[in-house]
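Trainee: Each chain, letter by letter, is given below.
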Amino acid sequence: MIAFLKRYEGLWLFVHSPAAIIAAIVATLIILGAVFAPWLALVNPYDLASFSLFDGLLPPVWQDGANPKYLLGTDDQGRDMISSILYGARLSLVIGMSALAIAAVLGVGLGLAAGYYGGRFDAIVMRIADVQLALPAILTALLIDGIARGVLPPSVQQDLRVAVLTLAIALSLWVNFARTARASTFVQMNKEYVQAAIMMGQHPVRVMFVHILPNILGPLLVIMTVDLASAILLEATLSFLGIGLPADSPSLGTLIRIGMQFLLSGEWWILWIPTLFLVALVVSINILGDFLRDVFNPRLR
Amino acid sequence: MLTIENLSVKFPSRFGAFTAIEDVDMVIQPGEIHGLVGESGAGKSTVGAAVIGLLQSPGYIASGTLKLGDMDLRALTPEQAHAMRGDRISMIFQDPQTSLNPLMTIEDQLIETIQAHSDVSTSAARQRAVDLLEEIGIKNASERIKAYPHQFSGGMRQRVVIALAICTDPDVIIADEPTTALDVAVQSQVLKLIQRLAKDRKIAFMLITHDIGVIAQIADRVTVMRKGRVMETGDTAQVLGAPKHPYTRALMDAVPPLDHKIDRFRVPQEEGAEVEDALGQHAEDWLLEGVRGASTGLMLENLSVKFAGPRTSLLRKPEPYVALDDVTLTVRPGSILGLVGESGSGKSTLAKVVTGLVRPSGGTMTLGDAVLPGGKARPRNHPSRQLVQMVFQDPYSSLNSRHRIRDILSEPLWFYGFVKEAEARERLAESMLALVGMPPDAIDKYPHQFSGGQRQRIAVARALLARPRFLICDEPTSALDVSIQAEILNLLKDLQAKFGLTILFISHNLAVVRQMADDTAVLRNGRIEEIGRTEDIYAAPQADYTKSLLALTPVMDRAMLQARV
Amino acid sequence: MVYFILKRLVQSVFVMLAVAFLAFSLFRFVGDPISQMTGVETSVEDQERLREELGLNDPFILQFARFTSDMVQGDFGFSYRTRQPVAEMIADRIPATLELGVVALLISLIVGIPTGVYTALRPRGIATQAILMTTLVGVSIPTFVIGIMLIFIFGVQLGWLPTFGRGGTVQIGGWESSLFTVEGWRALLLPAITLGVYQLTLTMRLVRAEMMEVMRTDYIRFAIARGVPMNKLHYRHALSNTMVPVITIIGLQFGGVIAFSIVTESVFQWPGMGLLFLESIRFVDIPVMGVYLVVIAFFFVLVNLIVDLLYVAIDPRLRVRDVQ
Amino acid sequence: MTRRNLRQAALLGGALSLCALGASAETLRWASTTDPQTMDPHAVNSAPVLSFLNNVYEGLVRRGQDMSIEPSLATSWEPLEGENGWRFNLRQGVTFQDGAAFTAEDVMFSYQRASNEAADVRSWFAPVSEVRVVDDFTIDFVTTAPNPLFPDSIANFMILDKDWAESNDAALPARDAENFATMNVNGTGPFTVASRDPGVRTTLVPNANWWDEAEHNVTEAIFTPIGNSATGLAALLSGEIDFIQPIPLQDVAQVEGRDGFKVLEGEETRVIMFGFGHEHDTLLYSSDVTDANPFTDPRVRLAAAHALDIASIDRVLFRGKIEAASQLVPAGISGYSEANSDRPDYNPERAKELLAEAGYPNGFSFGLKCTNDRYINDEALCRAAASMFAAVGLNAELSTGPVRDYWPQLRADDFDMYLLGWSPGTFDMEHPIRFLLHSQDDEKRLGSWNFGNYSNARVDELLPQIQQEIDPAARQAMIDEVVSITQDEVAYIPLYTQPLIWAAKENVDLTQRADNFFMLRWVTVN
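Protein chains in written order, with the UniProt record's numbering: chain A, 1 to 301; chain B, 1 to 565; chain C, 1 to 324; chain D, 1 to 526.
I should point out that these hints are in silico values taken from the structure, not numbers from a laboratory. No residue lacks a Cβ here, since even glycine has one placed at the ideal position from N, Cα and C. Incorrect hints may have been included.
Claimed, not checked - Examples of chain C residues lying across from chain B (beta carbon under 8 Å, computed):
{"#": "1", "residue": "Thr217"}
{"#": "2", "residue": "Met230"}
{"#": "3", "residue": "Asn231"}
What the hints assert, rightly or not - From the derived model, a few chain D residues whose C-beta atoms are all more than 10 Å from chain C:
{"#": "4", "residue": "Val44"}
{"#": "5", "residue": "Leu80"}
{"#": "6", "residue": "Asp98"}
{"#": "7", "residue": "Thr144"}
{"#": "8", "residue": "Pro146"}
{"#": "9", "residue": "Ala194"}
{"#": "10", "residue": "His216"}
{"#": "11", "residue": "Ala234"}
{"#": "12", "residue": "Lys262"}
{"#": "13", "residue": "Gly332"}
{"#": "14", "residue": "Glu338"}
{"#": "15", "residue": "Ser484"}
{"#": "16", "residue": "Ile485"}
{"#": "17", "residue": "Trp502"}
Using the sequences and the hints, build the whole thing.
Mentor: This is the structure:
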């Protein structure tokens, strides 16, 4: 009985944490909205013919001059805010999650290997991590963008902006994973089950991925949630610095960047609605991250 | 006088309140050392924590009285309780490595504590601290008081801990496993110190320990606990010499004696569940089939291991640290060699060299009649990888907690290519579980669903599924309670006899080695002090070191205790 | 000790070289400096000639070698955009960025550590939950939005604080400081808060987690058991031990604060290195970008070194050798 | 006012900040997005530099508030007799700010300096074959061909003191390293630089010995670059600066709605347009038409022009601040073709018809290249345009990027259609004809910004004639012909004239000149 409950302790904790429940609901709603954006959204922001400048700058319905068709108003291009946000969340999540996946694979792989082999290999990986940390994310993004432009034929460049940005964000995030994986691996290396596996003569790759990896997933999962939030924010920031996505493929960050122009002009909704949305998403993800941390580190409860 | 009556402590949890201790009664007179003994989960530490008011949240005292003299400890406000702590009741923790603040000098910690409870000047407090350190046997105390905790050895550190506990002249000291982390020689000194303090300063000690030998040696009275309840209480000689409660008797039976060898431990059949022999037959047959033929011995000649020391200068090469120094020993085929030594003697390094985890810097190893390459020179597919298996000390870390028992047990079968079919592997694994005394349905579970003893059985099963000829047991029972230790030792003995295994049995516990080993080697600072037949060594030790080890090990001499009743 | 520092220095040089190399191999992708340097009417031949003069047609390895060898000789080159010596330009901007970074760090420490301690000691309090939630929202808003919001609230609406720049600065031995005038401090406040918000949250959470961990250690329990007064217990025993790991992370983050002050500097028109870097990107000012990155890498390794030394200073286990 | 007092009290508190106390009513603080890169008037031909330095240095001629050419260091000028070129009669008694006298030698020196290979402004002197000092106050500029507009074209040619430059090792503009003139000035103009902290703040003070009568009352002018437009606006609204150029269009209402602030609106001379890859055989970015370039067909280009709803762009994106453009210069610029002032109307039906006629009834996709940090609302414009194109079947694959790598892409022919803004440096129609409409000719340095290489033999033939024609009517007729041809062929789609929006405190009187130059000599602080 106790054993059973212990096993689903996470679930139990979850049911008794209102913050986590609300966060999960918000995050789920946003993610669902993002996934089903094509069916939920009034217009497709990618389909230029589906909206018109004629409808530009309409306020949300509760303000004068609104068009009830656009519940939260329109932006300066006549795009429905709700549609933009749904599609924006979709893009932000895709970028965030793919960046995270790349960062996790790269970081965990290198971190595991550094922790496993130690010594010189470890030193090299950590110095590479230092180099990465010393490069501001904006420059990484610029460089990746630059390489892509130099290497790829022009016709695909525009399509690859998302990939380029994703890669740049991933490169700024992998160090976190590498450091955590490395530190956890060092701890695991002293555990006897690892020694048993090495002793048997198992291949290092098997030891790392079959034996060690499942045991260090806890802290990595926490990093994942926190970094997903960072990735989404980083994308917004890069967009602000002008090296994010083009305005016609609006991520949440791009929407906020565009909205910044209307901070003072009276069209507050163009900035604040996407910002609120982004904050809701990021806060939810962070709360879930905190929650996971508590689950994995019961001593902090 | 510390009086505990009907003490119950509960830990409310999401699964309902868990009663950690229930109806505990105990009286400790000034100057008395009161032993509190029991296995893990007995609630003995909870008693101590309740007395000093340090119950881990969310535990609370549900009922009972706690009195120190006339003072009702339960009636104190948190501030009063905190002022009382240190002043009247103090505590000594198990591990001297972790119980001192690493960032503060001994001096600061002592002065701070003294000044917390008495209004004295810093210089007076310092003088008192120095005197106290001298008193408890730290030489050159006025100098050494300026040092940080890490600059003291383990034994000295525990003395400092004791100094901190007594610097405010408390009436009661709760000593929670005060010597468990120490080597025998140091343990003996610390125990003597406690005895002296009780006598000279009339301090009442609550000595919490799992080691009956320690109790037998210094406790005046003893209380035996199990699962939160008091089983038996009384004079030490009476309780240990003529136990009335069956649990106490069973506990006493499980303690390995140092002075003679017994064939098997008597254990109450409890944890190693009743398992039909027939189920284990399959595994037994499979093992016997693989181990037919002569046993395999191990010979180490002039084996040395050096580790690189910390580099301190660009110009000089760092001084190497010698872990093993010219070790030569032979494990006779089909026998058990016991390897004893204190912590840092190189016992575990030796195991790691044999298993190939550590590269020897010199010497040769011969397994059976083939030379055993060391370290990275040993290829991953070397036959010794299968022939030599190991049972580790810590059953909590030696099984991958993210793998099911099925995966853990099938791995060697799959890896060494013994059994190709997954289903056949599983059947064999189930049978092996039965052979080591585990129910076959364990196969679907995860390691954390088992107790330490059960896990160690699983670890043994895993080792056996590699069809080893040579088994290394590195402190296989030191993390286990004494009754579980007895079960595991019995199991190992049975298996060894059945399959003709050769075993290198590493332990710091002289009594355990005496029960297990045919031959014994005594290791100290990486050198062999003495090696020979176990009976010879225990009966007539040659090396001074061995002699002192044997002399200092606290023993429970039942005959003597019985005589005192 | 000397060996340790030397080793770190060698590693530092490696890191700086690697940063410079990476940056240099990729600068040519950032854009074309020539079209930014010349006016609309400049002929294509003139542009080509300039390109040749600046050595931009050389293979990047050659450009990199030239850059590093000049740098080693103390010659940091001249900006394409302003034609000024890069060393001077960067040196002029370092005080602004450092003061901003340090004050942001101080704010984050001064606020973050006490709240971290508070929330660790009262993990279930309502105030704790409120603080945790507020800071979480704080880090979830993009920095640039926070910055602009602060500007409009405190600068425009309330008119309490300046909206841009450094305010009054004072030259102290070539170091232009805004720490010695009231105006300077007023100007510093908003950007420092903006930059420090993230760091503050991080510090607070770290202190909280470590403190909760430390409060469970044997030596704290032992200190409680012997009645060490609570305030000494919390601050002398628990907090100092908490700070050992916290310092590492904060140190690592400080490198990031310096490197990532770009956004804050851009929002507040703070004349620091980050702003210079952004302008340099806009004008593809390769020499400035190159030196900036090397300087950032230098700060980064310097901070790492300082953290290591701090570690030694705090932790006697590393400082005092065994005397057994 | 209270706020200012408060700040001054605060300043007094900070005893170390005494230098800032000089602040008085005549101090003008102003901000713009970009810092002048250099103080050397010949080193960089960029608007921020020329605009700023026009307050410090002077040319032979200068522009008045209405952009007309008026005497400056030259009191008068007339065409040379017997050869092509102009004679300038120099003003006497003018001194540089360091006290040195201004003579023809300084003009000669400045000409040599500005036409040197190291100077970025040397293209101004491409028509010049020789310069002769006649006497101390007379100088001749000989040109290779008749050049009626030459005096107009050198309004930004600023004169340095020969001795000052030579003795400070600044005889040539700095190229890859700084020299004295990069950071220091010595002009004849109304203001001089008191202190300069590049990228942070530059302080100007009036030149007490200026030859002309000062119309301003500024005693100190402090310039701060503020790159972020929201920050700049906040600085204005919080009272920290008195004037800013430009402010974002969408914030005009906000500034106007506040007491004590005003907005200055005008039309810049910059015309925003779309250009085509006339010379390309195929589209680079198309997913459906890969074997041809539909834009070589004038009907397709006209269709694109008809697809654009300038009125909506004006209303939504530019808040009614733009003027639709029919040709490459706005009305009012010399050479503007009144005869051709109609632009293709917004007519999506007509656009579809034209596309069908050209063989693309279902339209096609193509790549549209735009900057996102060069012109006002450039990115929003392109997004809106793409949306409008899409409505007639022209599916623009929009690609926006910073200007820093935009020109190289255009020079590399990496576009199907692109955005361009053009401001006629000489304020004459000849300028865009030379740079944008003449066929690319590297040798003669013509058509150097004609990225798509629009080529029409008649236009090429007319350009030199326009350049040399002295008779205004004849010249205008030729220009009208060029405009007519290029409108018919839809060489470009001119969209609108970029608005010029400045904002200032109510108490600051200033003049907004169409070249976006901010001249301190017309500022009055009340």
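Trainee: Tell me, in ascending order, the numbers of any earlier hints that this structure violates.
Mentor: 3, 4, 11
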